[in-house]
Amino acid sequence: KDKHSAIEKIWYAAKILFQHSTDHIRRLVKKDDQEISIKPEWSASAGAMIENFSASELARFNLLSDSMKTMFRNAAISPSVLYYYIHFPNRVNTFNNPVGKEVQFAMAEMTKDIASVNSYCASHGAKLLFLNLPTHSFAGHKQPALPGDELDGWYASNNQVDPLYRWVADVNQVPYLELTKLMNDTGDYFFRYDGHPNERGYEKIASLAGQYLLASDLIPKRKQ
Numbered sequence: 001k002d003k004h005s006a007i008e009k010i011w012y013a014a015k016i017l018f019q020h021s022t023d024h025i026r027r028l029v030k031k032d033d034q035e036i037s038i039k040p041e042w043s044a045s046a047g048a049m050i051e052n053f054s055a056s057e058l059a060r061f062n063l064l065s066d067s068m069k070t071m072f073r074n075a076a077i078s079p080s081v082l083y084y085y086i087h088f089p090n091r092v093n094t095f096n097n098p099v100g101k102e103v104q105f106a107m108a109e110m111t112k113d114i115a116s117v118n119s120y121c122a123s124h125g126a127k128l129l130f131l132n133l134p135t136h137s138f139a140g141h142k143q144p145a146l147p148g149d150e151l152d153g154w155y156a157s158n159n160q161v162d163p164l165y166r167w168v169a170d171v172n173q174v175p176y177l178e179l180t181k182l183m184n185d186t187g188d189y190f191f192r193y194d195g196h197p198n199e200r201g202y203e204k205i206a207s208l209a210g211q212y213l214l215a216s217d218l219i220p221k222r223k224q
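1 is the number of the first residue of the sequence shown in our numbering; add one for each residue after it.
FYI, nobody ran anything at the bench for these hints, they're computed from the structure.
If you're wondering where the values come from, they're calculated on a predicted model, not measured in any experiment.
Mixed in with the good hints, there may be bad ones.
Unchecked claim - Okay, the calculated beta carbon distance ranges per label pair:
no., residue 1, residue 2, range
1, 167, 208, 20 to 28 angstroms
2, 217, 98, 25 to 33 angstroms
3, 111, 208, 18 to 26 angstroms
All residues carry an ideal CB built from backbone N, CA and C; glycine is no exception.
Generate the whole structure from the sequences, applying the supplied hints.
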């Protein structure tokens, strides 16, 4: 029961993320210059979530700083992040446990997914590169949000997530680029209170990925 409950929460969180992303992606590919307004939708989603909190969920919400609570209510941070904070307060510790049932389930599913994508790429004459999207917890960038985030320094030195990604890549014979250590410097790469890469972070990721591709055999070399 606990396993199914955890999986359902993960699936619901992913569904929220896709709900907030799909329309924005669709608008990005349209040839217009209209601003994409996300605040009304984010504010409504966060408000509905907060209004329906149980007593224990509300107590956990109140552990957040006043600044964070205000930003969630004012749609400055995605409601999907709020969902993770409330339902997965120890999420990083869970992700960093290679023998945990949640990680074992995720590993099995990821292995199948990468195998499927790799097969599709091969059938179309394309090559696949597996790269990780680093989070602040493992890259050593302090982004205070919850009390547990004080452990970020420890996670940066005891990273068990990237070796799992590399294992999945190796099993599927797909080249793997670990970006976490390459972004472990003083650059301001992550949104505060959020943990996702910001504009500078994605610029760094694109640069590192480009350097890797140019140095590898994934891109055919041009004849002189």
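Self-check item: Structure-inconsistent hints, enumerated in ascending order
Solution: Going through the list in order, the structure violates no hint and respects every one.
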